[in-house]
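Protein chains in written order, with this note's numbering: chain P, 4 to 224; chain D, 4 to 224.
By construction, these hints were calculated from the structure, which means they are not laboratory data. Even for Gly, the Cβ is constructed at its ideal location relative to N, Cα and C. A portion of the hints provided could be inaccurate.
[Unchecked claim] The calculated label-pair distances, taken between Cβ atoms and stated as ranges, are:
no. : chain 1 : residue 1 : chain 2 : residue 2 : range
1   : P       : Asn-93    : D       : Lys-42    : 30 to 38 angstroms
2   : P       : Lys-42    : D       : Asp-112   : 41 to 49 angstroms
3   : D       : Thr-99    : P       : Glu-89    : 42 to 50 angstroms
4   : D       : Arg-6     : P       : Arg-198   : 32 to 40 angstroms
5   : P       : Leu-221   : D       : Thr-99    : 37 to 45 angstroms
6   : D       : Thr-99    : P       : Gly-137   : 33 to 41 angstroms
7   : D       : Gly-200   : P       : Gln-46    : 13 to 21 angstroms
8   : P       : Gln-105   : D       : Lys-102   : 56 to 64 angstroms
9   : D       : Gln-46    : P       : Val-168   : 48 to 56 angstroms
10  : D       : Thr-99    : P       : Asp-164   : 49 to 57 angstroms
11  : P       : Glu-9     : D       : Glu-9     : 57 to 65 angstroms
12  : P       : Ile-202   : D       : Lys-27    : 20 to 28 angstroms
13  : D       : Gln-46    : P       : Thr-218   : 27 to 35 angstroms
14  : D       : Thr-99    : P       : Leu-79    : 48 to 56 angstroms
There are 2 protein chains.
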Amino acid sequence: MVRSVEAFVFDVYGTLFDVYSVQKACEECFPGKGEELCKIWRQKQLEYSFLRQLMGRYRTFLEVTKDALRYTCKKLRVSLDNKKEEKLINAYLQLTPYKEVQQVLKELDNKTLAIFSNGSRDMLEPLVNHYEFGQWFHHVISVDDMKQFKPTPASYMLVLDRLKVNREDVLFISSNTWDIAGAKSFGFYTAWINRTGEIMDELGIWPDCIYSDLTEILEWK
Amino acid sequence: MVRSVEAFVFDVYGTLFDVYSVQKACEECFPGKGEELCKIWRQKQLEYSFLRQLMGRYRTFLEVTKDALRYTCKKLRVSLDNKKEEKLINAYLQLTPYKEVQQVLKELDNKTLAIFSNGSRDMLEPLVNHYEFGQWFHHVISVDDMKQFKPTPASYMLVLDRLKVNREDVLFISSNTWDIAGAKSFGFYTAWINRTGEIMDELGIWPDCIYSDLTEILEWK
């Protein structure tokens, strides 16, 4: 099943960067609530991107992320002032990359490497620049360029348009089960990075490979 | 804000019927896990309907409900044999209606009353027939007739096509925040039935009214 592909396309949130690395900032703002806040925040961020896509009411992922944070604070009955909001949103622009990322990218330096994210550029650029990841990625593709969130088929089409490759030339890598389902349904090869022993969603679509971290994708070189 | 409307259009799951009434059957099948199973099952059922709509991979809500049940049992590491699956799915076809439903419908008998649900007819008909609700509803509208799940704008359009009314003649009633957002975004008047003191989602869209049960919708008569 494993073969050599031309392009390695990476999801960002949860895949290259740990979204739960904002937990420290959450805990500093709201002692005792950091873990729960962080979890609901992520869940609502995803849900709002799906719902806005379904309703035809696109807003950028940064705005969606802020909306999700506001909901979460109301839900947990904690008061989010401007200063705390700024601190938490800034934490989202400086997420921690997973430890193996840099080495994996280095070993793929003869391949086409791209980021493909629901994140808008105002979220992706600080993140990529902060860790100097720009040197590895030839393309930073945001759905904001066409204003359709993953996992619509049209969103994945953007990758082909930008990279000028065919579907079967792409290995798409994500930790998110819904993203893997969308990408596989569209026709990419897919590697699901399952760091925490989750189970795959029952959507009738299965990844080509399941790995416990990114190093294993090197077998597609 | 409140006015008289011609048509009262009801969501089904969580609005007329208590989806958590399957908890008893869940607990009988999997002692000690009923509550958790029931909660994850509902959450995944909704998520899968959204994701299938986004990916363009529609299946009926009955199939989605079965998929969500299978996921949930895997997640909770319990074994779902055919007999248990049949028992639990049957429980979903005999949910308990909220106690005020019958009386409210009776008081609206000079209005156009409709059900509008993501449920397919193989789910809705057993439910409606079991409680003889057919006598109250002039229309049982399933998104399965057009194969698009709520909350897409096109799904709500089906209501207008069937009832031959204008948007502003409709009060749409739901307990589900995402359904209220979709219906309001489409242009219906909306009453959010908030039985458990939840907070509204931050989608930039707000219901016309928030009630703690269905009896209060009578002010739109």
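The hint says 27 to 35 angstroms between Gln-46(D) and Thr-218(P); measuring C-beta to C-beta, is that right? holds (32 angstroms)
CB of Thr-99(D) to CB of Leu-79(P), is that within 48 to 56 angstroms? violated (31 angstroms)
Given a hint of 33 to 41 angstroms, does the C-beta separation of Thr-99(D) and Gly-137(P) actually sit inside it? violated (57 angstroms)
Measuring from beta carbon to beta carbon, are Ile-202(P) and Lys-27(D) in 20 to 28 angstroms? holds (26 angstroms)
Range first: 41 to 49 angstroms. Now tell me if the beta carbons of Lys-42(P) and Asp-112(D) are that far apart. holds (46 angstroms)
Thr-99(D) and Glu-89(P), beta-carbon distance inside 42 to 50 angstroms? holds (47 angstroms)
Within 32 to 40 angstroms: is that where the Cβ-Cβ distance between Arg-6(D) and Arg-198(P) falls? The hint (32 to 40 angstroms, Cβ to Cβ) is violated, given that Arg-6(D) and Arg-198(P) are roughly 53 angstroms apart.
If I claimed the Cβ atoms of Gly-200(D) and Gln-46(P) lie 13 to 21 angstroms apart, would that claim hold in this structure? holds (19 angstroms)
Using the beta carbons of Glu-9(P) and Glu-9(D), state whether their distance is inside 57 to 65 angstroms or not. Holds, since Glu-9(P) and Glu-9(D) (Cβ atoms, about 59 angstroms apart) stay within the stated range.
37 to 45 angstroms was suggested as the range; check whether the CB atoms of Leu-221(P) and Thr-99(D) agree with it. violated (54 angstroms)
Between Gln-46(D) and Val-168(P), does the beta-carbon spacing fit 48 to 56 angstroms? Check failed, 37 angstroms falls outside 48 to 56 angstroms.
Is it true that the C-beta distance of Thr-99(D) to Asp-164(P) lies inside 49 to 57 angstroms, as the hint says? holds (51 angstroms)
The structure is inconsistent with the numbered hints 4, 5, 6, 9 and 14, although it conforms to all the rest.
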